[in-house]
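A.B. asks: Line by line, the protein sequences are chains A and B. Numbered by the working numbering, the letters in the first sequence go through residues 1 to 229 in order. Numbered by the working numbering, the letters in the second sequence go through residues 1 to 321 in order.
Honestly, I wouldn't trust all of these hints.
Said to hold, decoys possible - Simulated pairs of lysine-lysine, DSBU-like, Cα-Cα distance not exceeding 35 angstroms:
no., chain 1, residue 1, chain 2, residue 2
1, B, 129, B, 51
2, B, 102, B, 73
3, B, 297, A, 120
4, B, 73, B, 58
5, B, 119, B, 73
6, B, 297, A, 128
7, B, 73, B, 169
8, B, 169, B, 109
9, A, 185, B, 73
10, B, 297, A, 185
11, B, 129, B, 118
12, B, 118, A, 185
13, A, 185, B, 102
14, B, 63, B, 73
15, B, 119, B, 129
16, B, 129, A, 185
17, B, 109, A, 185
18, A, 74, A, 11
19, B, 253, A, 185
20, A, 120, B, 73
21, B, 119, B, 102
22, B, 51, B, 102
23, A, 167, A, 11
The hints are simulated quantities; they were obtained by calculation from the structure and are not laboratory data. Keep in mind it's a predicted model, so treat the numbers as computed, not measured.
The residues making up each chain are set out below.
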Amino acid sequence: MSDRMVRFGVKPLAFLASAAPAGWLVWAALGGHLSANPLSDITNQTGDWAIRFLCITLALTPVRRLTGWNALAKFRRMAGLYAFFYGTLHLLTYVIADRFAGLDFPDGIASWTTAISLAKSVGEDISKRPFITIGFAAWSTMLPLAVTSTAGWIRRLGGRRWNRLHKLVYATGLLAVAHYWWLVKADVRRPLTYGAIVVALLVARAAWTMCYSAAARVGRPGPLPRPAA
Amino acid sequence: MLIKPARDIASSEITSRTAYVSRREFLRAAAAVTAAASTGALASEARLQAKGAPHGRKLANVKRGELTLPGEKPNTWEDITSYNNFYEFGTDKSDPATNAGKFVASPWKVTIDGECNKKGVMDLEDVLKGETLEERVYRHRCVEAWSMVIPWVGFPLANLIKRVEPTSKARYVEFTSIADSKMMPGVRYPVLNWPYREGLRMDEALHPLTLLVVGLYDEVLPAQDGAPLRLAVPWKYGFKHAKSIVRIRFVEKQPLNSWQEQAANEYGFYANVNPTVDHPRWSQASERRIGEFFRRKTLMFNGYADQVQSLYAGLDLRRNY
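Chain B with its partners taken away, still in its complex shape (with noise of 0.2 angstroms):
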């Protein structure tokens, strides 16, 4: 065997002391670096629970509805309030509870246009004149399979379309939400394509279980769920029912809503509550109502089949997702 005669080490083989002392400095900014990251990351888990909102303005004369939900008991206020998805504050369940200090809901206005003979302008309170407020507690269904049933407080939008005066052209209303990106941090990524946009067939949005939301359990709504004026349409998954409405408006063609247009293949323009029809990804067959530990079957329209299943004869639902 031949052993070959170690070489000596050549000088440049040395680490030089320059470069084992900015080693030292690198070990020691690294470790900063994870102490901070982890730090980091365990101040945003202290933030998984948001506190709920601050309670709001009372309302006055809230009538109690006769299509509220019978033997159902609504989730807490701090249930509603704390855990929401709307996006333009961010899209973790507890983002629009923490950012929601900087939204200004007073003063309000929405813009009524297209196929109508009253366009303009409204203020809130032009919006609410002459309305009787009244209270629902609706089921709500996620479309990531949760649920909560909610209180809500409001008038049926049929009452504020039938004063703007739809024209005959008019067989879709669509609803744009706010996208301020000073009051909400959310917009400043684009998520999806802000503004954010619904819509509803005409005898959708005439149908009286659709709300026009201005409040939650008698109180003013606050900036998390919507402020100061948004949908409920119990029937259909939670991104039907438009936020921080600003504008509404009606037309002839289908509108294209924010979550359709982000993906077709999962999101559709009716999204109806149908637990046969899966989400490409998910099962929609049960839903976690939020504070329980088992899983509830999700009903056909949540529940509201007997009210609206008549609006959807003759169509596909599979294809009509």
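Bound conformation, chain A alone (with noise of 0.2 angstroms):
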């Protein structure tokens, strides 16, 4: 696939695809299409996504190691972004649905008191209970990697300093399957999968690694194609 039917065919589809699930719910509130409890409905959804992206990201590279597809390497900071950009949707619902929308008013809505006691309500919550301590962790491994997700960035750490960085996503995948697990009241089934998901594609990366950096003290290449990048 060339260049130019990469940057200006399939990664603008790519970018509206991932877009749509954000696209639908909007579309889907406004018109009274979710259920009867669409604040939940929001919430689940936004962290539904941002696992699923989570997992297309951390798949990009064993996919494109396996099928030799280079060009899947200039999708991975699209996935990595649109993860952090339903985690941080799925953090401001959280806020606004559930911590917000059970304060006291006693000086008005639009005050300090509201911000200060917002502020309280989120911080107690975080360090009161887990699966949202948890929950919050993961969002917060994602923050410095969307910020020095830039090329700019990229230049100012250096590659090995960066890539070291970027494995924090590993984190974050684990994270937030243990915070959707944590969630579940007895039906496992769905953090189990996203769980599988993660594991595997952690152990394939492990496998590469460890395969790579024995062929390498050998001096002979290694059993799989080598990267591309």
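Two chains, two separate frames, one set of hints: put the complex together.
C.D. replies: Below, the structure written as structure tokens:
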């Protein structure tokens, strides 16, 4: 696939497709197409999509190595930023629908008191409820990755350090799955599926690294085709 | 600096035609799988909004109950019949409405056994015989911190209990729900240890607020709400309200309810609505009334403290959650 085709064809399409769930949610919420508890639906859906995009992000490199389709490398940043985007929507929905909506407003809604009690309510909840703590930790690990996702930051950090920093995304994946797992009442099938995907991708990555460092020590090409980038 | 001459590429290192052709096929297959998966995901989201139940048979001669809540606006038929926790139909809130179509609630038999004089199998018609149906508008509080206001139609459980004459050994009542995998797809997965079981202490079961429900909004109860016979115990979390009851058993020892069996540290036997005792994973201090944005403060015993708190005098509610 040519560079032009990726840049002007596939990439914009992938961008739109990735934004589609958010667009669908806005449409469904405004049109009354969600369930009787729309705030809960929005919380769940944005969380689901954050985990799905994390899985996609983590899968891109292994799939690229397996298939040799190197153009996939060009989608890593987009997929990662979409994971951050849906994770941020998920966090904001929680802050608004779960925390803000539960406040008292002694000085009216638009007041310093509201801002302070909201900050307190979010802070207390994060420190008190372990599955919220873990969810917030998952989002927090994505923050430095999103900030340093620009070409400028890659240059400033240097490829090696940047790469090391961005390994954090595996921690994000594990934390996100733990967060989901902890919140369900009894039916763990969905968090189990996401957990299996994240762990499999982690293992694939570890196996790859081990193969290669072993091969590098012996000084002969490894058993698998070398990555192009 | 020593520059090694480039080695010729060994023929073994050249990707064979079959390998790269199959790689293309793999990519095509992968693309197809991805497309199918995303279509599936979107389709499953389109089902988020389950339609409410079709309207059923009208119940005749429903009296307006004295224990109805004044000043509360009931949720709509649509809300009450499309947003349900009924794991036998599936664990999503929309699953019961989606999967209720195959459920057959008639004929229906209820087994009465254990510590009582009139054991036996009763037809639903016999259960209802001689009872005056009344509408009771109750607050309904789910352990997940959402709530509704529901116009149930039924009669006091106490009436049925008196008819079957429990013995002096009967200290608790155990309710068993139907678990028929042909009509209820959720039963195929052991999410809980089926069939669903719940229990009440005898004085709770005999309390005038405890209702055996057969209807909603003056109509026959839809399957997703526990047709044809369910409990409403308004000062307790929703999971105490056994649905589609097929067995009522009188016992001497406190029965093990399904959620307690599943996670005893999170769900107790009493499950009284209590804003001061949090679920281990979330707060019970407030709730979202379905249809509202701002959360409401949860009331002690769900607002029924005047009627029921004497039942629990001397009981440590923190330990007996």
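A.B. asks: What are the numbers of the hints that this structure violates, sorted from low to high?
C.D. replies: 5, 7, 12 and 16
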